[in-house]
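Chains A and B, in that order, are what the protein sequence lines are. Be aware that the first sequence starts at 664, since it is given in my numbering, and climbs by one per residue. Be aware that the second sequence starts at 5, since it is given in my numbering, and climbs by one per residue.
Treat the hints loosely; a few may be bogus.
[What the hints assert, rightly or not] Dumping the calculated BS3-like pairs for lysine-lysine here, alpha-carbon to alpha-carbon at most 30 Å: (1) B:K54 with A:K779; (2) B:K156 with B:K79; (3) B:K227 with A:K733; (4) B:K136 with B:K156; (5) A:K780 with B:K156; (6) A:K780 with B:K283; (7) B:K19 with A:K733; (8) B:K283 with B:K79; (9) B:K154 with A:K780; (10) B:K79 with B:K190; (11) B:K283 with A:K779; (12) B:K68 with A:K746; (13) B:K84 with B:K154; (14) B:K348 with B:K309; (15) A:K789 with B:K348; (16) A:K746 with B:K227; (17) B:K19 with A:K785; (18) A:K785 with B:K84; (19) B:K137 with A:K746; (20) B:K79 with A:K779; (21) A:K789 with B:K156; (22) A:K780 with B:K223; (23) B:K385 with B:K283; (24) B:K84 with A:K780; (25) B:K205 with B:K136; (26) B:K283 with A:K746; (27) B:K54 with A:K746; (28) A:K779 with B:K385; (29) A:K785 with B:K136; (30) B:K136 with A:K780; (31) B:K79 with A:K746; (32) B:K271 with B:K251; (33) B:K12 with A:K733; (34) B:K68 with A:K733; (35) B:K154 with B:K139.
Quick caveat, the hints were computed from the structure, so don't treat them as lab data.
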Amino acid sequence: MTERVHDSLKYPSANRRDDGVVAEWLLMELQGEIESRHHIGLAGNLMGDLHYTREGVPILIIGHHILYGKVSHLERPFAVLVKHSTSKETSESRLQAEIPGDGNSVTNYLVTALIKKKIIFKTRPKPIITNVPKKL
Amino acid sequence: MRTVEEVKATLQVAKLDAAELQPAVHCLSFRDGVSSGDYCLMELDETLCKCIESGQRLIIRGDKEEHAVLCNNDKTYDLKIADTSNMLLFLPDCSTPDQLPSNPSTGCLIHSEIYGFANSYWELRRTRPKLKKLKKLLMENQYEGPSEEKQKGSDNRKYTMEDLMDSVQASEQEILQQLQAMHAYKIEGCWRILEFDYEMKLLNHVTQLVDSESWSFSKVPLKDCLQELEALEPREMIEHCLNCYGKRYTDEAEEVFYDLNEDEVCKATALMLLQNAVKFNLSEFQELWQQSVPEGMSTRLDQLKGAALVDRNSRPQVISPLKVEDLSENTQERFNTLFNIRTKWTEEDISPYIQDLCGEKQTIGALLTKYARSSMQNGVKVFNSRRPF
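Kindly generate the complete structure, drawing on both the sequences and the hints.
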């Protein structure tokens, strides 16, 4: 099976900006997993608020938790890829034709964006205590 | 949509002082229909990142039973999935602190969507190209000369560069280098290797002509060669043979000459003498070899590194053909084969057979430490298998 990773320059896509530069996204790394309340799924739901302090420290508030993080530059950047199945999309069939041999098994990945920076939250979330009992 | 008031209320509950924070706030929400399978992450190195930025294509190659590799124009990488217990979220329009507007007048909300998430990514590691298959494919249908070619008809398998790149796990540059090393030639758009006897026939024509014309090996004129030999073989094959065994240059009068490579000519002659032998008495071989090379060229055993192996411990001493390109590309399998052929190796003897296994910044010494055990034998350091035998 041959799979090709190409980027959007030769095969235009909305993700390459007008000036020809590949879009750059940000990565956020959280420890553990995020689950939605009542298990309704994550899609379409609010995750939380991201603030930065005056010093630039990221603060994430998710539900009743505060997380303090750090912005860091990735030594090894990431490419964000989207799989394109050539058989389904007619717009891609042009590509398939370019490859002689077993063109049926060709899969393309489009480089949607590059990621060079991430916000990482390494420490344990702190709970927000809303109901502080009054002095007895 | 979340409002400024809601964000403020949350800050209050969290007991955070808004004055300590930058006025711009990102409200992060998951995109409609988001799922973990939408995007893959691939970790890059600086070279590959630049490739992508400059619009080059990267290609993943491998048959179903092969481990996938990723190639750019001139390098090959092993591709492996790395899992992480962390959640990786992709944020297309989220800013880092230095990118935020600096005027702190009013608070503003940035609604940014989480486009996808993952807890694994593809890891890349620079690897040696896997080129053995290239020879295997081209051996299926070797070129034996124009008349044999006509007899064969056109239904024999031939490979274009694109065909080769589709099935060989190496980059275009690495494939081209190997084709050159194998003396392959592009005939009607398809890469072919010459059948060994045919290649020797061409070389003999050239060396005999050099001899009869009393030319210097360092100044063989292309034009005269083609003129003299075109009755025997196609002109392009004569020129190809000169390119394989000599260095092309142009003199002041713009005439093309070749400087024949003594080592290459001697090596080819030795391979011809050894091709059907299992073992050859060393002194007899050396005598015959020297007689077989063109007058004025001198044979030396070090010309046969990686092509033949001398056994100095047998009586009489013998030489046997052993080509490095016939051995496995897998490091452990290569060592197993070598230790089957001979239980104890000196570093000098084994080096030509493991040199090509060295990765980036890896030395022969490091390979031997990992895959062999050393001991002293009559004051000489020798290497044997790490496995009990």
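Evaluated hints:
Between K54 (chain B) and K779 (chain A) the alpha-carbon distance is near 12 Å, which keeps this suggested pair within the 30 Å criterion. Straight-line distance between C-alpha atoms of K156 (chain B) and K79 (chain B) comes to about 36 Å, which puts the hinted pair past the 30 Å bound. Among the hinted pairs, K227 (chain B) with K733 (chain A) is inconsistent with the structure: their alpha-carbon atoms are about 70 Å apart, more than 30 Å. Distance hint between K136 (chain B) and K156 (chain B) is fulfilled; the C-alpha atoms sit about 25 Å from each other, no more than 30 Å.
This hinted pair does not check out: K780 (chain A) and K156 (chain B) have alpha carbons roughly 60 Å apart, beyond 30 Å. Distance restraint check for K780 (chain A) and K283 (chain B): the Cα-Cα separation of roughly 62 Å exceeds the 30 Å cut-off, and the hinted pair is therefore not satisfied. This hinted pair checks out: K19 (chain B) and K733 (chain A) have alpha carbons roughly 20 Å apart, not beyond 30 Å. This hinted pair does not check out: K283 (chain B) and K79 (chain B) have alpha carbons roughly 39 Å apart, beyond 30 Å.
Restraint check for K154 (chain B) and K780 (chain A): the C-alpha separation of about 61 Å exceeds 30 Å, so the hint is violated. Taking the CA atoms of K79 (chain B) and K190 (chain B), the gap is near 23 Å; set against the 30 Å cutoff, the hint holds. For the hint pairing K283 (chain B) with K779 (chain A), the CA-to-CA distance comes to about 59 Å; that exceeds 30 Å, so the pair is violated. With a C-alpha separation of about 18 Å, the suggested pair K68 (chain B) and K746 (chain A) falls inside the 30 Å cut-off, and the hint holds.
A distance of roughly 46 Å separates the Cα atoms of K84 (chain B) and K154 (chain B); the hinted pair therefore is violated under the 30 Å criterion. Taken as a hint, the K348 (chain B) and K309 (chain B) pair is honoured in the structure, with Cα atoms around 18 Å apart against an allowance of 30 Å. Among the hinted pairs, K789 (chain A) with K348 (chain B) is inconsistent with the structure: their alpha-carbon atoms are about 63 Å apart, more than 30 Å. Between the alpha carbons of K746 (chain A) and K227 (chain B) the distance comes to roughly 54 Å, so the proposed pair goes past 30 Å and is violated.
Restraint check for K19 (chain B) and K785 (chain A): satisfied, since their Cα atoms lie roughly 21 Å apart, inside the 30 Å limit. Distance restraint check for K785 (chain A) and K84 (chain B): the Cα-Cα separation of roughly 25 Å lies within the 30 Å cut-off, and the hinted pair is therefore satisfied. Between K137 (chain B) and K746 (chain A) the CA atoms are separated by roughly 28 Å; this keeps the pair inside 30 Å, and the hint holds. With a C-alpha separation of about 22 Å, the suggested pairing of K79 (chain B) with K779 (chain A) holds against the 30 Å cut-off.
Taken as a hint, the K789 (chain A) and K156 (chain B) pair is broken in the structure, with Cα atoms around 78 Å apart against an allowance of 30 Å. This hinted pair does not check out: K780 (chain A) and K223 (chain B) have alpha carbons roughly 59 Å apart, beyond 30 Å. Between K385 (chain B) and K283 (chain B) the CA atoms are separated by roughly 25 Å; this keeps the pair inside 30 Å, and the hint holds. The hinted pair formed by K84 (chain B) and K780 (chain A) meets the criterion: a straight-line CA distance of about 22 Å does not exceed 30 Å.
Between K205 (chain B) and K136 (chain B) the CA atoms are separated by roughly 26 Å; this keeps the pair inside 30 Å, and the hint holds. Pair hint K283 (chain B) plus K746 (chain A) does not hold up; C-alpha atoms about 55 Å apart against a cutoff of 30 Å. The suggested pairing of K54 (chain B) with K746 (chain A) holds, with an alpha-carbon distance near 21 Å, which does not exceed 30 Å. As the CA atoms of K779 (chain A) and K385 (chain B) are separated by approximately 49 Å, the hinted pair breaks the 30 Å bound.
Taken as a hint, the K785 (chain A) and K136 (chain B) pair is broken in the structure, with Cα atoms around 46 Å apart against an allowance of 30 Å. Between K136 (chain B) and K780 (chain A) the alpha-carbon distance is near 40 Å, which puts this suggested pair outside the 30 Å criterion. Between the alpha carbons of K79 (chain B) and K746 (chain A) the distance comes to roughly 23 Å, so the proposed pair stays at or under 30 Å and holds. Our distance criterion of 30 Å between C-alpha atoms is met by K271 (chain B) and K251 (chain B), whose separation comes to about 16 Å.
Only pairs whose Cα atoms come within 30 Å are accepted, and K12 (chain B) paired with K733 (chain A) is accepted, the gap being roughly 23 Å. Distance restraint check for K68 (chain B) and K733 (chain A): the Cα-Cα separation of roughly 41 Å exceeds the 30 Å cut-off, and the hinted pair is therefore not satisfied. In summary, the hint linking K154 (chain B) to K139 (chain B) is supported, as the alpha carbons are separated by about 23 Å, within the 30 Å threshold.
Hints 2, 3, 5, 6, 8, 9, 11, 13, 15, 16, 21, 22, 26, 28, 29, 30 and 34, counting from the list given before, are not met by this structure.
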